[in-house]
Structure formats: structure tokens, C-alpha cells
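Based on these hints, arrange chain S on the given structure of chain G.
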Amino acid sequence: MIPNNIADEFDQCIKCGLCLATCPVGKELFLEKYTPRGKIQLAKRYAAGDLDISEHYRDIFAKCLLCGACSVTCPSGVKLTDVLVGMREEIVRKGGIHPNVEPAVQSLLVNHNISDEDNSERGEWRDDIKELPDHMYEKERAEVVYFVGCISSFFPMVQSIPQNMVRILGAADVDFTILAGEEWCCGFPLIGAGVPEKMGELIEHNIEQVKGLGARKMVFSCPSCYRTWKEYYNTDLELFHSTQFIQRLIKEEAVSLGELNETVTYHDPCDLGRNGGVFDAPREVIESIPGLTLVELENNRAQSICCGGGGNLEMADSGLSGSIARNKLAEIERTGAKTLVTSCQQCIRTIKGKVRREKVDLDVLDITDLVVRAMSDA
Amino acid sequence: MMLDPIANEIRSIVGDEWFLDTPEDLAVYSYDGFLPEFKPDGVIVPGNRDEISKIMRVANREKINIIPRGAGTNICGSSVAREGGIIITFHRLNKILEIEPENMCAVVQPGVVNADLQKAVTGYGLMYPPDPASMFVSTIGGNVALNAGGPRGVKYGVTRDYLLGLEVVLPSGEVIRTGGKALKNVSGYDLTRLMCGSEGTLGILTEIILRLVPSAPAKATLQAIYSDLDDAATTVSAIIGAGIVPTTLELIDRTVLDVISNYGGARFSKEAEALLLIEVDGEDVLVEAQGKRIEEFCKERGAVQVERANTPEEAEKLWQARRTAFGAVASLRPNCIVEDATVPVKMLPAIIRKIVEITNKYDLQIGVLAHAGDGNLHPLIMTDLRDREEMARVDKAMEELYEAAIGMGGTLSGEHGIGIAKDRFMRMEFNQASIDLMRGIKRVFDPNNILNPGSFL
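Chains G and S are the protein sequences, given in the same order. The numbers in my numbering rise by one with no breaks, and the one at position 330 of the first sequence is 330. The numbers in my numbering rise by one with no breaks, and the one at position 8 of the second sequence is 8.
Any given hint might turn out to be false.
As the list claims (entries may be wrong) - Here are some of the chain G residues that sit facing chain S, going by a computed Cβ distance under 8 Å:
#1 K15
#2 F30
#3 D50
#4 I53
#5 V72
#6 P75
#7 G77
#8 F240
As the list claims (entries may be wrong) - Listed next, the stretches of chain S that the computed footprint assigns to chain G, with coverage defined by at least 3 CB atoms under 8 Å from CB atoms of chain G:
#9 15-23
#10 97-104
#11 315-327
Simulated from the structure, these hints should not be mistaken for lab results. This structure is a prediction, so every number in the text was calculated from the model and none was measured. Heads up, the beta-carbon is just placed ideally off N, CA and C, and yes, glycines get one too.
The shape of chain G in the complex, shown without the other chains (with noise of 0.2 Å):
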């Protein structure tokens, strides 16, 4: 069964096809079952008995980056992220879990994170800290906890993110601590699997494991995590993104940084502006580095395009993931900035990904880098 508030949102569509203008995989897909509009009457059609949900119908609507461009651009407020999402959990009620994203799924919940590693090597990315304090980063009460994030902690490409984190926060003296093995996946990827009710366990055990510090604030460096306490996590706890601590402790002058000479340009990741609705702070992180340019990208804030890496479209059709990435980049290239910033592990993966593939001549960073880069100027 549908629920009402998801027919709700696809009764409210007057098949204007203005969602086609923004949809990545629209448009490169074409086709209209592909596009935003095609999976809302999809949806329209299944819930008033005309379709069933085949195979095809399934690979359909694994086929969307949950990115979000096609809810701003609707004229009539159609919610389309919650339909599209809705019809994920539908789809599995009715046929099981999209057999690429299953595995995941499986070790997320018996590993307790997303990349098929015993969790206790969680903190494994600290190996390269030089002088790294007797805690580790452990402590038994904190002010500020950071929650590092499944691919920060396991993916190589992505280690220098907590690197970085930690000297900054440990640079402006903020009372902090990581949770290392006993921080759990958030439950993000569940959420795109179509199994949120899967999440309970692992919501339970991280809000349990940060209250036992005695913490207050939280700090993630990654958008979907911020994103998944945010909405899924009953909590009174002050949540913030990277970009938003970091941009109070520059107006707190509890870092000081030195002059980079470099032109940059900043991807916005989907669930860190579009969908957390932070766009000004990491734009104030940057511009607060003495000699450092900001060109836009042709589309940007709520209207940027999402670089390939979401909704598991990565696990479900690596091929379409790489294509949109690939567009991505061109519009990257079109600023001539030989630098792009972004706040999100999983946008460098998507894009460094490419960048090394196609060997085209950019430096990806996150903005921890940049700030690092600073501090060290300072």
C-alpha cells in the first residue's frame, strides 16, 4: 500500500515537466520513464492498480541520485524526494531489496558500517597522525562529539577529512572526542535501500554511546550523516556540519589562517545545501582565507547538480553514476578554477574518481584541506 501522504504528493502533479530541466539522470537517460515526471505517474500508476512492480520497474526507480533537484525546481510543491523514496520502500515491500544494494545492506547491519570491515578498524585513518595525543581522540566526557562517518573511516581517498578535522578542533582547543569502533553507520544508506525501518538499532545504540560522554554538540564532516541525525534522530543535541563549526571558530578567532593565492570553486553536495539548506557557511570558510577566489559554478546553491555519488545509484548502475560525474567535471572545467572545494567524502570520491580516470588536471579538496592548507600558512 501506498501511504497517503506519498499519493498525496503525486496527485498534487500537473505533468508540467519542468523536473525535467534538472534531472541528472533525465537527461542523460532521456527517456521518460527515467525522468522525475515519468516516476511520479510511475508511482500515480501503480497505486491505482495499472502497473505492477516488475524487475523494470524496480531498475527504474533505482535509477535517481535522491538528489532533490527535481522538489525545488516543481512550480506546484510536489515533494518528489519523499515519492521517490516512498516508492523505494514500497518496492522492497513488494520484491525485496535491489540485488546491488543488498550486500551493502547485509554487512551494514553486521558490520555496522558500509564497507565490509570489522568496525573495530573504525579509527584506523589516525595511523598517519604524527603526534597523536595519548587519547586518541578517545575520551570518556566531551563537550563536542565528532561522528567521523563510515567513508571517512574506511576509504583511503577520504582519511585526510578526520585527519584534518582533528587538528582543526584540537588546534582551537575544542573539548572533543570520536567515538572510534563504537560509532555506528547513521543509517544513511538504508534510507535509499528503501529499509529505513532497519535504522532503529543503530539510531538507539549512537545516541546512547554520544550521551554516555556527557556531550552536547555534535560536528559531522560528513552532509548525509548531518542530514540523517537531523530528520531521523529524536534529539536535542546541537548538531552542526563541518563547514558550520568551523565557520564559528574562524569568527571566534579560535583559528587563524594564512593567505593561499589560489582560484577555487565550490560544489555544494546535495544533502548539505539543497537538502540541509547550509549554503553560506562553507562560502564564509572560504572567503575568510586571505587571497583566495570564489568563482561560482554555473549552477549553484539549490540549483547545483548532484556530482553522480547519490541515492545508491553508485552500488545500483556504476555506468550512469560515472556519466553524470562526467558532466560534473565539465562544468567544473568551464570555471577554469584548477581547484574545487566541496564539504562531502562521498562528492570527492565521485569526482576525484573521475579526475583520475580521465587524468584531467584538477585538485579536489575538501574543505578541511583548504583550511589545513591555511592554518599552516598562518
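Below, chain S alone, put in the same frame as chain G:
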């Protein structure tokens, strides 16, 4: 239903991948931006003109209906399989073939998106003026087939005015070329313009030659609020009467302004009964002077508030109300019918008064948006298709509106097209001889009546 051997023959022409007949594909090609839906028997996504020609030969031989569809954004139902048949789409024919600044023209395939062309020619200091609200999605092929207009129409005209030539596949499969890159061309009947606005009933466009114009270096954007709708309407006539041709002259009435405010958009003063959004473009000195004169016109004719944008950001802010209008209105009731009866610009005050009268008479919710500068109205009828009693009143109201518009020297449709939305009203605007002539033309092109049958005529 289509027979398997024919489907296989089509597959052998376009390749298995490009003949779609899964339940999912048939469902999503059963609609466009209008209300009724009809499930087609298949969908073809051809890759070139020769494939289209071969398909038409098969379709003509087997008498299978073929319905061309661009992006499916039209709101008159001109791209649905009303009498069954196969939808043909142009997703793969999306190349801009040439941009020639020396000839001020571009050659494009039908699947090119309007806004993509606009963006591509900007680099040459040129513009392609037709700017339908669907421009970020709708295709040039669809724009030509529907003779699309847009807010810039007051000054720049519509698609027809930028059409130089075409390549067309006829229902027989034969290929013809009309017009060319020459700006002047009077040889023979004007088949180019006959195709324009033919709503996919005469032939399939495979190449389009478009005229471009230099882009204007400057523009001025103004917004005027009125406490009396009549004052707004007379300002429109005054501006046009004074020989100023704005690029845009949009009117929004109180009903729509209220909806916009409630929707969380811009807020307007309580006394606001109408809003005019006015834009002029051209050389900066001229634009400056015209901007000032328009401001005076508005004030002299009772505007209670006039705002003039000094920066592109301010201009964008003034456009905000107009841009959110349709979505805001559409979200109010289950359905929204966007009307587009059009009158000579001088009759604007009269037709707006008529709409207010009709709204009260039939107890309906109708808001008025208008491309006021060219008399192109967009009454927005907020309704519920499931409510038969109300729909009967809507039908009567529309009929009365068309009669009034045509009586004033206007037309059923300014820019949306006839399709299946207004075919039953064609007799109001055309006498029997005209309709016979149009049907005769259709028979010459398409003797077996396989191209978009059931639409338009």
C-alpha cells in the same frame, strides 16, 4: 493493438533498444501537459531522418497512427495517442548542427531543447527570442509544431517569426525541404509556415533552420501595482499606443496575487488589484529613456506603487511573482486549466471585465495572468475534474469566454494550440469553408490520416 510482425519490422529499422513497449514505457508516453491520457501501442525513438522515413512508409502501408512528441510539455493534448498508435519521440535527434553568425541563423535537429539553443547562441552575441515557459524542457521541434510564443512575444513575436526553413518527412515517407537560409524567399506556397503550428498532423520535422537576432545590450524592468484593474489595463494600451514596444508586459490580477502571497511568495499591499510587470530592452540610452516614460505612464494612470530594478538581482526579484504564479495557482485545487484565448491588445480591458463577469456568473475560481502586451490572456481556472457539476459550469464559462474573445476579433488560442483541448470549438472561429480547406490540406499531406489523428481537426 499492433501486430507482432509490424512491431518487428519497426524494430529492424530502429534497433530493438529504440522500440519501447514495456508497460512502464506505455504508461509514461500516455500523457503530455494536458489532462486526458491515452495509452499508445508503442514508442519509437529514431536516430535519424532515414529511419523516420522508413517508419512512415511502414505506418502508411499498414495504416498505423503515428503521434510525434517533443518533450510532452504542451497543454492542449497535441501529443497523445487519442485514437491509439505509436508515439515517435526525438530524444536522440538533439544536435545543434550549425550556428552561423554571418547568416544570423542556426540549423538544429527537432529534439534540441529551446534553452540549450538560447545558451549556445549567446556566445555569438545573438539570441533566439521565443521563450515559452517550458523553454528549459521543451524542444524546438515541439515549439515549431505548436508555434510556441512566450513573454517576449510582445516585441519579438513567436516561433513562426524565426522560422526560415525545414526538412520534413511526409506521411508517405518522402522527404521535402522548405525555405532555406535566405532571409527573403517568396517562391511557391509558404510550406514552412504551413508546417508551423500544424501540431504534428502534416509531417515530421527532422531539421529546422531558425533565424537569430542580435541580443540587446541593456534592459529595464519595472513593476507597477494598481488598486483598480481597469487602470492597469489602460496603462497597457497607453504604453503600446505611445509607440513603446516592451519585450514583456505581464498582468497579474488580485486573485492570483492573493494566491501567490498565501503560497509564501511575495506580499502585496491590501489595495493591490492588479500588477504589471514591464520590461524593455535595447541600447542602454533608449532603455533608460523608455524606462522613465513607462514609469510616468504608470503613475499618471493611477499606479499606487511603481518599482524599477537597478540591478539584475532586483529585476529577478520583480520577476519572482510572475514566475511563482502558475505553480501557486496550480497547487490550490486538484486541477488548473490554463486558458489562452487572445484578443487584439486594445480589447484587453473589455475582455478582463468579461472574465470577471463570467467568474461571478458561473461561481468559479478564475485568476487572470496575461501576456497583456499582446492581448494573450491566461485565465487560470482552478477546479476539480472529478466534480461533474462544477466541470459543467467550467465548460459553459469557457464557451462564453471564447465567444467573447472571438467577438472582439480575437482567437481561441494565442499560443497553446488547439489539440484535443479546443478542437470542439473550432467552428466558433472558422466557417465551414475554412474548415473544409484545412481538412483538404490534411488529406493532401496525409491521405490515410495516420499523423496525430483525432487532434485539431
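Structure-based check of all given hints:
The interface hint given for K15 of chain G holds, since its Cβ lies 5 Å from the closest Cβ of chain S, which is under the 8 Å cut-off. Hint status for F30 of chain G relative to chain S: holds, with the closest Cβ pair at about 4 Å, below 8 Å. Residue-level restraint check for D50 of chain G holds (minimum Cβ-Cβ distance to chain S is 7 Å; threshold 8 Å). A least Cβ separation of about 10 Å between I53 of chain G and chain S goes past the 8 Å threshold, and the interface hint is therefore violated.
Interface restraint check: V72 of chain G against chain S, minimum CB-CB distance 12 Å, threshold 8 Å, status violated. Taking 8 Å as the C-beta cut-off, the interface hint given for P75 of chain G holds, the closest approach to chain S being about 3 Å. Look at G77 of chain G: its Cβ gets to within about 5 Å of chain S, closer than 8 Å, so that hint holds up. With a cut of 8 Å, the hint placing F240 of chain G at the interface with chain S is violated, because the nearest CB-to-CB distance is about 27 Å.
With 3 residues carrying a beta carbon less than 8 Å from a beta carbon of chain G, the region 15-23 of chain S meets the three-residue requirement, and the given coverage holds. Note: the region 97-104 of chain S has 0 residues with beta-carbon separation from chain G under 8 Å; the three-residue rule is not met and the coverage is violated. As drawn, the region 315-327 of chain S meets chain G at 3 residues by the rule of a beta-carbon pair under 8 Å; at three or more, the given contact holds.
Going down the numbered hints, you'll see the structure goes against 4, 5, 8, 10, while the others check out.
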